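Modelling step: build the complete structure from the supplied sequences, incorporating the hints.
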Amino acid sequence: MRVLLYEIRKAFHSPIILGLLGVFIAFNFFLIYENSFIKDDLRKVNQFADKYGTEINDEMLDKMKQDYEAQMKKVNEKTNEVLSKTYESMDEFYSDQSFYPADHFNEKELLLFNEIALLEYYYFTSLHLEESFQNIDPIAIAELEIKQYGISGQAAELIRSQYGKFTERYQEVLENKEYKHLFPSQRVFETHLLLFKKMFKAILIESLILTVLVTAYIINFEFDKGTYLIAYSSKRGRGLWGDKLRAALIINVLLFTFILVLGLIAYFSVFSYKEFWHVPISSFFNAGKEWFMSWWNLSFIEYLTSCILLAYVLTILFTMMTAILARYVRNSYLVFFIFLCLFGVIFANQGIIPRSNIAFLLGYFTPVNLVLNSFVWFMHRAVTFTPYFEVITVGVWFVILLLGILFCARSFRKCDLK
Amino acid sequence: MLTVNSVSKDFGNFPVLQDIQLEFSNGVYGLLAPNGAGKTTLIKMLTTLLFPTKGEILYEGQTIFSMGERYRDLIGYLPQNFGYYKNYNPNQYLQYLAALKGISKQAANEKIPQLLKLVALEDAIKKKMGKFSGGMIQRVGIAQAMLNDPKILILDEPTAGLDPKERVRFRNLLSDLARDRIVILSTHIVSDVESIANEIIMIKDKRVLYKDSIQSICQQLDGKVYEIEMDFDQVKAFRKNFLSLSERQDNGRMNIRFIAEENIRPEWKRVKPTLEDVFLYQYQDKEVEQKV
Ligand SMILES: Nc1ncnc2c1ncn2[C@@H]1O[C@H](COP(=O)(O)OP(=O)(O)OP(=O)(O)O)[C@@H](O)[C@H]1O
Ligand SMILES: [Mg+2]
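Top to bottom, those sequences are chains A and B. So for the first sequence, UniProt numbering puts the first residue at 1; every next one is plus one. So for the second sequence, UniProt numbering puts the first residue at 1; every next one is plus one.
No wet-lab data here; the hints were simulated from the structure. This one's a predicted model, so the numbers in the text were calculated from it and none came from an experiment. Some clues are possibly wrong.
As the list claims (entries may be wrong) - Distance windows between CB atoms, simulated:
1) A/Glu190 / B/Ser104: 53 to 61 Å
2) B/Lys126 / A/Asn331: 31 to 39 Å
3) B/Val235 / A/Cys415: 32 to 40 Å
4) B/Asp123 / A/Cys415: 39 to 47 Å
Don't be surprised by glycine CBs; every beta carbon is placed ideally from N, CA and C.
And the structure:
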């Protein structure tokens, strides 16, 4: 225990690691700040949800309709007074090119118009949600994806063999009405991309950089400082390698937690999700270009939790990968460099596999791919054809890396320390 | 009892030590050999850092590698070159090593000030080691080796960088310590071990040349070491015929100590051979080469 604490302390004395940590946290705050212009509209969407409930049904549509029509009336009174015109909808109002709204209305009125336009968008979208969702053909989407990625032959057949599961899940979503919920609209706010692509990818890559640096630094510390002769001939001996691995794991998990928690606290305090924590992530409002439903019936908070868990597992995997490298490469910066190359190779490797080969699809089953595509985790996608894509990927890699670690620990016990 | 049993060590295809046979019981052993002879290599095997290519090392009849931490708990080791954490003071550094050595915090708190006093560093206890002189670092290294009160104390060139006062102090310390433990120290400085070693081990051509008391080792040169005075200009010619051990100036003339095995002349003054004489005699080729 004491040894472990000493090892952990070493990382927190490294100026590079602390410096990077500061830069990363600042960067995440910047990402939020940069996108903060949507926060007021998001708050209004929360108010809608509060008022009408998040479940889309006839009753709530009625309520929405009444409000919308009443509001529209108010708008038309104003426009009639100022412009001597009336409008069917806010859409029509904003499409009217004959005047600038800002020239004729005060700020309060403009804000009101904006709010009504948002309500209008939500009302009409909700009204046609069932239709829109029913128009989706998951198989057509999958076929399109196959075409876009240029997949053919056996690989394409493998995906097609999973179509049964695709439609099954689609039917389920259709029947249990998971898709019929209010949620920050992807088309308007792109919050899913902001949170799970920009933020999560940034956090994952930041954590990855720290993970590699910390692990290499801790494991090679005695070699860098020349203390290895004393350290590894002490009673603790070569077992210290295991302590170092454990220390690196603990530090990496701590650093990741730190970055993540600060990032998420900032995110959710700027962007309100008050009403949406328990809304299914497969809400059709959340559908984007590359995803439209999750493989499982997950609420937003469940989805977020799953993503966080997966991110922790990735941190552990990358720690293990670095530890294996650091076993053979004694210079921390070289380890970092080799890791980056490896990361690139794993990513690029897929490109050289013919797209008719099943191996091409297996090329997606890597932690590298997971890091780069956090926004479609657990989402229905043709190229990652199984619902267990994430679980299989991290499971297989964990087993392989664990074997690697056991081998390294053993070989380290038996190697000459010159 | 520590036994080195027909141990050989290769680095790649390059043999460094061959068929080393040694036994150690309580007392001080001086490992005396020139640079590159394999002292450090032997010591690293004794401290489990290197594995013998052939043969085995036994402690009380058990191989040290199978004993694992039980063996490592018995040793104290001062490496020839060792690093330290520049931003630690000696107390922090020793506390850290105490943790690695499985010494309880309480015991360490008691032991560390004693050891620092022993190596005359009690005044520098709060000073960062990055600001230490070479000799001070070496003394921290000595303290560190004794932290776990080792049964086997292994010191690789412990006096390197120590000033004469510290050297003497260190020698006295060692002879005190050696009463109930094995002390092995390597050096190529003869005077380091001359006065304190119970036995000297010399390594030559990858093998053990001697493992004996100083007296018996010196006996082989009995009647072969002489001293003579001559003028400067004669020295060069003299060196061609004899192995000159040491030369010093005395009142404008040269006093030469040398070895002669035959044709002894009466004007030469016969002297008692020392360990240094044996060292220079045994490793003469290298010494001569170095001079040229
Ligand atoms: N890591 C290594 N790889 C290859 N050869 C090595 C290695 N370490 C030492 N050697 C070689 O082994 C031989 C013995 O080296 P060693 O360090 O044991 O000598 P030494 O007696 O301790 O010398 P010194 O008095 O200079 O400390 C030398 O010829 C050296 O070149
Ligand atoms: Mg040496």
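Structure-based check of all given hints:
1. A/Glu190 / B/Ser104: 53 to 61 Å: 58 Å Cβ-Cβ, so the 53 to 61 Å window holds.
2. B/Lys126 / A/Asn331: 31 to 39 Å: Hint holds: Cβ distance 33 Å, inside 31 to 39 Å.
3. B/Val235 / A/Cys415: 32 to 40 Å: Given about 52 Å between the Cβ atoms, the range is violated.
4. B/Asp123 / A/Cys415: 39 to 47 Å: Roughly 41 Å apart at Cβ, these two residues keep to the hinted range, so it holds.
When held up to the earlier numbered hints, the structure conflicts with hint 3 and nothing else.
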